[in-house]
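2 protein chains.
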Amino acid sequence: MASTLLSRQLALSLQVNLRLAAPGCRYVSKAAHKTQVDFEYDGPSMKTQVPGPHSLELTKRLGEIQNVAAINFFCNYEESRGNYLVDVDGNRMLDIYTQISSIPIGYNHPALQKIMTDPQNVSAFVNRPALGILPPKSFPDKLTESLLSVAPSGMARVQTMACGSCSNENAFKTMFIWYRNKERGHSTPSDDDITSCMINKSPGCPDLSILSFMGGFHGRTMGSLATTHSKAIHKLDVPSFDWPIAPFPMLQYPLEEFVRENTQEEARCLEEVEDLIVKWRQKGMPVAGIVIEPIQAEGGDNHASPAFFKSLRNIARKHSCAFHVDEVQTGGGATGKFWAHEHWGTDDPADIVSFSKKLLTGGFFYKPELQAEKPYRIFNTWMGDPSKNLLLAEVLNVIRRENLLAEVTRSGKALLQGLHELQAKYPGLLSRARGQGTFCAIDVCNGDTRDKLILTTRNMGVYLGGCGDQSIRFRPSLVFKEHHVHIFLNIFNDILAQHK
Amino acid sequence: MASTLLSRQLALSLQVNLRLAAPGCRYVSKAAHKTQVDFEYDGPSMKTQVPGPHSLELTKRLGEIQNVAAINFFCNYEESRGNYLVDVDGNRMLDIYTQISSIPIGYNHPALQKIMTDPQNVSAFVNRPALGILPPKSFPDKLTESLLSVAPSGMARVQTMACGSCSNENAFKTMFIWYRNKERGHSTPSDDDITSCMINKSPGCPDLSILSFMGGFHGRTMGSLATTHSKAIHKLDVPSFDWPIAPFPMLQYPLEEFVRENTQEEARCLEEVEDLIVKWRQKGMPVAGIVIEPIQAEGGDNHASPAFFKSLRNIARKHSCAFHVDEVQTGGGATGKFWAHEHWGTDDPADIVSFSKKLLTGGFFYKPELQAEKPYRIFNTWMGDPSKNLLLAEVLNVIRRENLLAEVTRSGKALLQGLHELQAKYPGLLSRARGQGTFCAIDVCNGDTRDKLILTTRNMGVYLGGCGDQSIRFRPSLVFKEHHVHIFLNIFNDILAQHK
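Line by line, the protein sequences are chains H and V. In terms of this note's numbering, the first sequence opens at residue 1 and continues consecutively. In terms of this note's numbering, the second sequence opens at residue 1 and continues consecutively.
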């Protein structure tokens with residue numbers, strides 16, 4: 001099947017993309033040409049407004065089955081390739097949002113198609129096991145080959161889970177169990193623990209807390225939602241826990257002009273963290289763990305310095321709280337390193353690192369001392385899905401073989417430079433260009449203009465996402481190359497010029 | 001590939017299973033012979049104790065990566081067929097636990113293998129979409145063909161999710177949002193709602209509760225865990241909510257001898273439910289929804305009468321609480337009807353029905369009035385996995401084509417009759433045989449003996465699971481036929497005879 005696709009692809013790549021060949025105000029002076037033969041299209045190609053008539057029709061149909069208020073458009077995944085997402089109306093868009101940052105190496109990568117067409121792999125897809133009791137024989141090998149080959153420093157243990165929220169929920173439970181075992185001095189619960197927990201009461205269900213940050217996003221199930229503070233719409237009407245919430249540094253850009261202010265801002269936040277830990281201990285709800293994203297993503301692409309994270313990690317250690325780094329969105333290579341926390345330059349970044357999205361499977365790495373001793377403490381029916389590990393192992397092969405982290409660093413540099421140039425050109429419209437690798441963002445003057453710009457850009461063939469109140473976030477896959485950067489910059493520049 | 005497997009299967013089926021041919025004390029008078037040509041083995045075949053040496057070696061290896069305290073043994077899923085699970089030591093067991101009740105039509109069903117080898121389906125497996133914003137073009141069709149074709153009475157709306165816990169968490173959120181919208185009289189939150197929810201405070205994060213039942217199991221993430229009360233080990237050390245917990249009827253068996261007692265017991269529980277609803281309303285934590293399993297599974301296979309459930313549903317209606325029936329374990333046909341609640345004989349069984357396991361995808365059906373109007377209220381990155389819908393659609397085809405619900409009813413009758421006969425034969429050992437379809441259970445005199453019996457039976461080639469304090473639960477797949485029942489009964493009878 002892959003060969004059929006390849007020959008069709010070759011035919012398609014012969015087509016000239018008329019839109020891009022048309023004259024117009026182009027970005028800076030760089031041409032958008034390809035530097036190598038890719039398994040994908042030459043550029044965007046738009047046939048209708050998005051959503052087009054076929055998308056609208058399908059949205060109406062789906063609306064009879066479920067809530068469709070968030071639907072953007074319907075996709076033709078069979079025809080999508082690499083960085084290009086094709087919709088049901090035949091529009092082909094350069095995808096810089098990649099299913100909310102979850103497609104690691106582009107659409108229909110031939111290496112992944114090959115995994116699917118290998119008869120040896122069929123069983124992994126049709127017999128989903130209860131991994132916690134009956135793992136397949138290849139499971140230790142596949143974990144070693146996939147997740148362990150990218151284990152964060154100091155963490156040789158990993159537990160898979162189904163999704164990001166579930167990974168964070170189980171990471172929280174791991175920290176709570178670890179904390180209570182420390183308090184007890186051992187892992188065997190008292191009779192009082194056992195009796196009280198059955199009716200949701202302390203000491204069995206203890207008054208412990210997780211410290212999180214304003215602007216953070218850790219998921220939408222009730223435990224992880226209690227640590228999410230990015231947008232009201234996620235949290236409204238859902239009961240929650242009285243857990244401490246610290247401010248996350250709001251850095252001023254460009255960083256080099258606000259060194260003193262930003263250092264002060266980070267110090268203020270760290271001080272507040274310590275105050276909250278003390279306050280909640282006094283309230284009788286000790287902080288068992290601190291959870292933080294290396295870059296607050298959904299909350300608006302908020303960055304902090306390596307020094308901030310290293311100090312925070314020390315504060316956790318000082319107060320005997322576990323330190324949980326949530327890399328659900330940042331993990332998997334988009335920052336130019338496999339984990340965003342690698343940019344901190346420390347070999348003891350965390351006690352727990354959770355992941356999902358680009359890793360295809362959810363889960364979390366953890367230090368040996370955080371492992372719950374007894375069975376069925378961290379458990380559920382599926383505990384992940386080995387078919388996702390199979391695909392992940394191949395994704396990691398591709399990342400290594402094609403040296404994609406270096407590619408991301410290169411494309412990211414071009415993207416950030418382009419964003420800086422655009423914000424210099426349109427100062428009333430754009431500001432705060434920031435990023436690491438291709439994990440970039442830029443602010444628009446206000447939320448409405450941001451939303452309009454995203455829609456206009458989509459209609460011109462580039463699919464972007466928003467985050468925070470007024471930011472555009474860039475979340476291309478790892479096969480986003482310099483020539484894709486220039487395709488985007490050219491189109492975006494045209495739009496901004498008309499917006500002027 | 002399916003054809004290669006088929007020919008290998010034919011060769012295997014020619015082998016005589018020596019163990020079953022050996023003389024011995026057989027169960028009653030029925031022979032364990034097959035009534036049709038199945039795509040599976042002739043019977044169990046044991047080569048080592050379970051876990052065997054290869055399983056132990058792999059467990060040790062996996063123990064260096066994660067907690068292995070719950071591992072039973074490692075499996076060779078490639079060699080497993082139909083009702084037979086093959087382990088890495090070459091032991092072939094009749095599987096009556098099916099990955100904690102989650103394999104719908106046996107291992108490696110040819111129809112599912114065919115789905116995997118169809119090139120048209122490759123894209124669904126390698127391009128996992130963010131379903132809430134960018135669904136594939138086939139999504140409405142696949143939902144109609146799969147989940148909607150088995151929608152519970154009164155429910156034409158369905159939302160997919162990744163797993164059972166996540167389905168229940170989102171069902172709870174749906175009920176909270178619905179309840180608050182009713183309180184407000186509309187779906188638009190106040191400024192106070194918006195501000196307070198960002199810091200986990202009321203009224204934005206309201207003091208609402210979910211009423212659950214002692215012995216119930218609804219999952220292990222923090223919201224669903226607050227409604228789980230089956231075993232302490234699941235709940236220990238995890239903070240929880242102060243939500244009301246009602247008693248679940250503890251019926252006495254045989255039912256026909258305890259009609260009056262059981263009626264009284266159910267009335268007592270219903271009264272307690274109403275008292276708790278009033279009490280929690282007075283406490284300022286109104287009950288937004290009631291969650292219950294049609295048969296408490298993990299908690300010990302506790303049944304209640306259709307009259308009980310119909311009265312409970314009326315109580316929910318009377319007090320304006322949503323009624324959520326959790327069919328994660330009972331759904332999918334094992335009770336002889338597709339949903340266990342169909343046995344209640346009412347066309348308005350619930351406001352929400354959640355599912356997972358045998359349905360391969362998680363999710364929940366809901367009444368139109370429970371749909372959150374705005375976008376991003378019930379949302380996450382993946383919101384299920386269309387590749388699972390693809391497999392589910394084929395599972396449902398097989399269930400219809402092979403008339404498996406009738407098969408389940410037939411096998412279930414034979415199983416329950418056999419269990420009754422065994423408990424009559426071994427009254428000091430077994431009691432309370434109960435069940436619906438093949439969703440059966442029997443109690444053993446105590447927990448230790450139950451555990452020993454399960455292990456002995458496993459070593460004799462039948463894999464069973466426990467539930468509650470001292471029950472054995474039967475959770476075969478839907479292709480478990482009468483001759484499989486007799487294979488089990490014969491082996492189990494031998495073991496009980498030796499135990500005597």
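A hint or two may mislead.
As the list makes no split between identical chains, a pair holds if one copy fits it or if it spans any two.
To be verified - Computed list of lysine-lysine pairs in DSS-like fashion (alpha-carbon distance at most 25 Å, straight line): (1) LYS137 x LYS114; (2) LYS47 x LYS318; (3) LYS425 x LYS114; (4) LYS201 x LYS283; (5) LYS413 x LYS182; (6) LYS279 x LYS201; (7) LYS47 x LYS279; (8) LYS60 x LYS374.
It is worth saying that the hints were derived from the structure and are not from the lab.
Quick rundown of the hints versus the structure:
no. : hint            : verdict
1   : LYS137 x LYS114 : both (22 Å within a copy, 23 Å between copies)
2   : LYS47 x LYS318  : neither (59 Å within a copy, 54 Å between copies)
3   : LYS425 x LYS114 : neither (45 Å within a copy, 56 Å between copies)
4   : LYS201 x LYS283 : both (17 Å within a copy, 16 Å between copies)
5   : LYS413 x LYS182 : neither (46 Å within a copy, 51 Å between copies)
6   : LYS279 x LYS201 : both (22 Å within a copy, 17 Å between copies)
7   : LYS47 x LYS279  : neither (59 Å within a copy, 61 Å between copies)
8   : LYS60 x LYS374  : between (50 Å within a copy, 16 Å between copies)
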